[in-house]
Every structure is written in C-alpha cells, then in structure tokens.
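K.L.:
Sequence order for the protein chains is A and B. Residues 1 to 486 (the UniProt record's numbering) make up the first sequence, in order. Residues 1 to 262 (the UniProt record's numbering) make up the second sequence, in order.
Among the hints, a few may not be true.
Said to hold, decoys possible - Derived pair list, reagent style BS3-like, types lysine-lysine, alpha-carbon separation capped at 27 Å: (1) B:K216 to A:K269; (2) B:K104 to A:K137; (3) B:K184 to A:K152; (4) A:K389 to B:K104.
If you're looking for bench data, these hints aren't it; they were derived computationally from the structure.
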Amino acid sequence: MLSSRIWQRTGWGFRRRCLCLYISLSSSPSEQNAPVWKFFSASSSSSAPAPFRRARALEDINFNVSYMNKCCFSTEAVADLPVGEMVDVPLAQTGEGIAECELLKWFVQEGDQVEEFQPLCEVQSDKATIEITSRYKGKVAHLLFVPGNIVKVGETLAKLIVNESSLPALIFRDSEHVQSPSSDNEKGKQGGVPSTPDDDKDGRVLKEDVLKYAVMKGIIKDQSVSLNAECGNQSQPVEGNNSDATSKFEWTFEDKTVPLRGFQRAMVKTMSLASKVPHFYYADEITCDALVELKTSFQNNNTSPDVKHTFLPLLIKSLSMALIKYPLMNSCFNEESLEVTLKGSHNIGIAMATPNGLVVPNIKNVQSLSILEITKELSRLQRLASDNKLNTEDICGGTITLSNIGAIGGKFGSPLLNLPEVSIIAIGRIQKVPQWADDGSVYPASLMTVNIGADHRVLDGATVARFCNEWKNLIENPELLLLHLR
Amino acid sequence: MALVGKAREAGIPLMKLIRLKGVPILEQLHLEERLLRTSSDNWCLINDGTNSPAIVMGLSGKLSELVEVRSVLQDQVPVIRRFSGGGTVIVDQGTIFVTLICNKEAVPDIQPFPPSIMSWSGQLYSEVFEGIGDFQLRENDYVFGDRKFGGNAQSIIKHRWVHHTSLLWDYEVKNMAYLKLPAKAPNYRLARGHNDFVCRMKEFLPRYEFVERTIKAIRSRFSLEPVADNIADIDVPSATHFAPSTRLLTDHDMREVCAASL
Chain A
1 MLSSRIWQRT
11 GWGFRRRCLC
21 LYISLSSSPS
31 EQNAPVWKFF
41 SASSSSSAPA
51 PFRRARALED
61 INFNVSYMNK
71 CCFSTEAVAD
81 LPVGEMVDVP
91 LAQTGEGIAE
101 CELLKWFVQE
111 GDQVEEFQPL
121 CEVQSDKATI
131 EITSRYKGKV
141 AHLLFVPGNI
151 VKVGETLAKL
161 IVNESSLPAL
171 IFRDSEHVQS
181 PSSDNEKGKQ
191 GGVPSTPDDD
201 KDGRVLKEDV
211 LKYAVMKGII
221 KDQSVSLNAE
231 CGNQSQPVEG
241 NNSDATSKFE
251 WTFEDKTVPL
261 RGFQRAMVKT
271 MSLASKVPHF
281 YYADEITCDA
291 LVELKTSFQN
301 NNTSPDVKHT
311 FLPLLIKSLS
321 MALIKYPLMN
331 SCFNEESLEV
341 TLKGSHNIGI
351 AMATPNGLVV
361 PNIKNVQSLS
371 ILEITKELSR
381 LQRLASDNKL
391 NTEDICGGTI
401 TLSNIGAIGG
411 KFGSPLLNLP
421 EVSIIAIGRI
431 QKVPQWADDG
441 SVYPASLMTV
451 NIGADHRVLD
461 GATVARFCNE
471 WKNLIENPEL
481 LLLHLR
Chain B
1 MALVGKAREA
11 GIPLMKLIRL
21 KGVPILEQLH
31 LEERLLRTSS
41 DNWCLINDGT
51 NSPAIVMGLS
61 GKLSELVEVR
71 SVLQDQVPVI
81 RRFSGGGTVI
91 VDQGTIFVTL
101 ICNKEAVPDI
111 QPFPPSIMSW
121 SGQLYSEVFE
131 GIGDFQLREN
141 DYVFGDRKFG
151 GNAQSIIKHR
161 WVHHTSLLWD
171 YEVKNMAYLK
181 LPAKAPNYRL
191 ARGHNDFVCR
201 MKEFLPRYEF
211 VERTIKAIRS
221 RFSLEPVADN
231 IADIDVPSAT
241 HFAPSTRLLT
251 DHDMREVCAA
261 SL
C-alpha cells in the first residue's frame, strides 16, 4: 500500500504513475471494488495538492500512457544500459491497444551507425503509419524482420550495439515537486525528478528514469513487473521487455526537469480552476456491519455468473435515495448568473484508476435503477474504462462524484471538486475496529470513513451534515430501502 | 513577420491554410506528403470535393480484400494507395477533405499517438458540429448517432504528424458498391452494409457552413494564415530528392490481383 508520506514527496505525475502501476499489479481487488482515488493525509503539505478529475475535462484529455516519453514512439529498450553490448529494439505499444503492426520499411541497414532518436523503420497500425525511432546511439547489428512482416507488440525489431557516449547517466534528486519548465532545453534548474545531463537529449525524462527513481525510493518493489505493466495500455504484459534495471545503475543527485504533457498538462488547468472554489470538508464514520451482511447475502444468492456483487452499488443506491431528500447536493453552480441548478437525474460518477490513467465515468439516472442494474452498469463501465473504450457520453453529465480510495488505503483526505458539481464523496476502506457497547464490553465493528468535499458557495455545513446522516442511516440500516420499494 | 510575432506572443502556433476545390485526390495526397516531409510549418488543407471518383486505400491492406477488383477494373475507377494508414474509401465530388499537418510542439497537449491525435480531432469536430446532430468520435470514426460520415487516417513521423479526413457530405450508392465489407470493422458497425452504416452530412448542414465552421474551430487553436486557393500558388519548399510514396495503381497491378484471386 502506498503510504501518505510518498504523496508528499513526489511530483504529481510520478504519483499518478505509481498509482496506475499499483492498480495494475494488485491481484485481488479490494472489497470496495475498482474505483480508486488518490488521497492525502490531512496533514499533507501544501506542495502536494490533492487533485481530482473533472468529468468534463476528460473530453480534453487523452488517456494514453507514456506521458513521460516525449519522443514519438521511441521504442522501449532495456532500461539498463550496457555499453558496447547488444540491446533489443522492441516494437513499443503504439497506444491503440492493438497487438501487432505491419513493418513497412527500414530506414537503416545492418552496420549503419544511428543517432539517438533517429528513425529506424516505419510500421503501420490500424490507423496510422508510424516512424519508430532509436532509443540509443549505436550501430545496427541485426534487423530481425523484413517489410511486410507482421510484428507483435513487444517483439524485437532489431538489435543495436550501444555506443559508450550514449549512456545516459541517470541522476536523481530528492525533492518535493515536479515543475513544468518553460522550455524543453531547461534542465537542472528545477527539481523533482530524474534528469539527464546530456545536452543532446533536451532534458527528456524517459520512462525508465522515473521507474528507477521509484525503485530507489522503495515505492515500487518489482521493477521488471512494473515495467511490463507500464509498457502496454492494456493489462496484457508486453513480451520481451523485461528489464534487469533494479541492480545495475548509478546516480548522482542533480535536478531533473519534466515537462508536463497531455494528461497532466490538462490537469494543471482543471485543478487550478477547482482550487479557486472554496471547499469545505465534512468527515464521518459509518458502521458497515449490515452492509457487509447484505452483500454476503447477495453473493450467496447470486444465480448469474456474470454478476459480481460488491459494496459499491449498495452505496450508490443509498446515496441516490439520500439525494432525493437533499437535492442541493446534486446540483451545479453557475457563478456568473449566481444560479444553482438542482439536477433532476442522479448521474453518479465513480472514479476509476485504469492503466491509462484516472477516469470518472458516471452511471446515469441512478434514481431509476435497481441495485442489480447499477451493479451491471458499473461493471460495464469498469470494463470499458480498463480497455480505454469509454465514450464521451459515459464521462459527461455527472452530477456528483464518488471516489473509493479504500482500495488503496488512507482514511481521511481532501478531494477537489469535479466542477461544475458541488460535492464529492470519498470513502475509505472498511476496517474492523473495536467498539464499546453500552454495558462496557468491546465488540468488533466494520467501520468506513467518509469524507465529503463541498462547494461552500452553495452548501453549508448543516446541509452536508444532514445529508450525510441520511446516507449513513440508509447504509447502517439498509432495510429502510425497502420502504421505497415500488 | 508581424503576424508571426503576434501569434507567438499569444502562444498560439501559426498554421497555413490552403483552400482548394475539386482538386484530384492524387494531387492532393502528393502535396500533403510533400508538406509533411519537407516543410516545417503547420498546414491545414481543405479540398472541397475531388474532380472524379477514386478509391483511396491505406498504405497497407490487400486490394482483393477491400475492393471489388473486377468491377473496378471494368469501370476504370482509379485506385490509389496513400501514404498514411487506415482504411479504404471511395471519394468523389461529394467528399470534403480536411487535412491537418502539425509539428508535435504545435499541439503539445497531446501525445503523438493515433488515439491522442484522433481524440483531439474529435474535440475539434465536436466544436464544428455543436448543436448539429448527435456528433461523436466513435471508436475511430466520426458519426452522427451510429452512422459514420467520416473516417480519418494518420501518418506520424519523427517531429510531425498528419491527420487527414474524408467526410461524406454526399455520396452515390453505386460508388459504395465498389468497396467490400472490411474484415476489420468497428464494433458498433454490427455487420451493417454500407448504406445502413454511413450517412450524408448534407442532411445536417449546408456545405459552405461546414467548411466555415471547420475553419473557425481550427482558428480557435491556431493562428490561420491563408496562403493559397489553388495548388499552383502554393509555395512548397522543393526538396530535391522528395518522391511521394502515394501512388496510383496501374491496370497491370489490378489485373495481377484479379488473376491471383481466381
């Protein structure tokens, strides 16, 4: 589990990358199902803002991996750099989630000297012809395919003998934030992440640099596994890309500049907007014994093999029931006209961490759905999210967001609003804790912490507190939902 | 120069706009390839219809699997293999072409990967079609609802990429008959034939309005500098050794394919 200490120390982008890796590595999804969120301890430093995703902003963001890799299709070579030795140049994931490409032509021949980032060959995927450039400076030793061949992603295209001068001495520095540099050529001026001293590289930070930093920090345990998980957009591991990076590299402590691109760049904008909204936070603990029992009952009486029962649909439905009584929690605020629109539909957004990043698809019209229907829809969205196949409709139109950070850990946090929504709810892991009974005896109870972030221009503490009490009551006494059964 | 200065100050990249009408698609593709590989500027090319019908295939793809070769040979429909990836289309006067050739730094917010570029283009076209029909980028196609009216293809090189689109403002049913149902079809197609799968943009908005809206949407992201209205006026850096890879398939090529499939 990633501790809160790490959030404070690392840059945002790097944090997110760790999160994605963790998710893809974790073998048994927590009780609280897929939705995951980043959380910070209440005492987190100001340099580590708790970011959140705007559902609307997701249209502007692309969820491709390898944001660190500025160079187009710079292929993923072995992270470790043995000088004078043969390295493999594999076909990197082109970001389309496809398994193979056709090799169209080579730009080099065996024996040619190549520069770093020089185009080696052209391949065709479904949609595009793409030039693959060399990760290193070296000499082409072998070309393993001929034009017309179909190459699987991860297969070695060519072998290169790496030149001595191209060894990027990886240097790191322990620092608090990642800052966006004003030009590509600036390096060594801002701190935060691994940097290379080599002028030719334009201060590029390559994926391996970041992952090595993570290993060094003890954040990621298994370097080769995480590299595999990272290399593909999908969950299937990329072949032939195992790295022995863990042991053999040195670093000195220097600044490294990481330009924020794509996903993070957009996040800078959305978070800046969200941070302008005056937030307040309300926290509570909910006893989940009845919830646990109910879920077990659903599971035991489950006749359909496709359906997997978890806590989340129950929480979602009871949230919707509470929203009926407190519609202000499910509204949108227009600051120009000073109007609050109480939304008729409960489109509850669920934060999900996928290999491609964070997405917040929403389940539409929860007020009209049964718990079983919610379960199926949630499952559908999770599948689409992990395949990076969510469409605009799935991620737009949310009216309130639920974030289940319990899958990763943490108890309390300060999530930022998903504008233009006015509230966001983060739920922690259900934990068994001792509780005092009235007679002075101790009994075990399942407790879940809840943290509601709200827009203080629209909501006040009393409204949020009452809303939370209502929701809590429905969770602790789920039989009350029967009162509303039609 | 002043324009460059102002655009740079504003932080928006410059883009040169070429507006063409009825230019043969082969010429257009040759120009695009030349601009991609030899120029370092950003370009937007709009060709409002091409002069005569032609079939345009992606860089790789088996002719016999994508096209009804015999009918095409019989009716003498030209078949072109273009330099970018993607599928097969048949284009004519009813097709509107929109091409964007960009330096990677010109659009730094996106990664130079096909899905990022496509998604970026999806947003651009969402602006173009705002309030008109149920536009979305679905899998890799531009659709109204579940009917496709435009596809796109790309070519990504070291520092630049091209994204070009052919949009069906109108089409002739008989022309669609030259294309086979491709083996690789998007999920949402659900085995529909061409006529149930595609739709015409003209049912949604007038032709000139589409072009104007597109230019407006591009203008919100780039500082557009119109440079030419016809191909002859375009001042392209003439790289001495540039030879386009887009080519017209000869009758001989086609007959070979026919013979092989017998």
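K.L.:
Confirm or reject each hint.
P.N.:
How the hints compare with the structure:
1. B:K216 to A:K269: Within the cut-off at roughly 23 Å; holds.
2. B:K104 to A:K137: Holds. B:K104 to A:K137 sits at ~22 Å (cutoff 27 Å).
3. B:K184 to A:K152: It holds: about 17 Å lies between the C-alpha atoms, which stays within 27 Å.
4. A:K389 to B:K104: 25 Å, holds
Hint compliance for this structure: no hint is broken.
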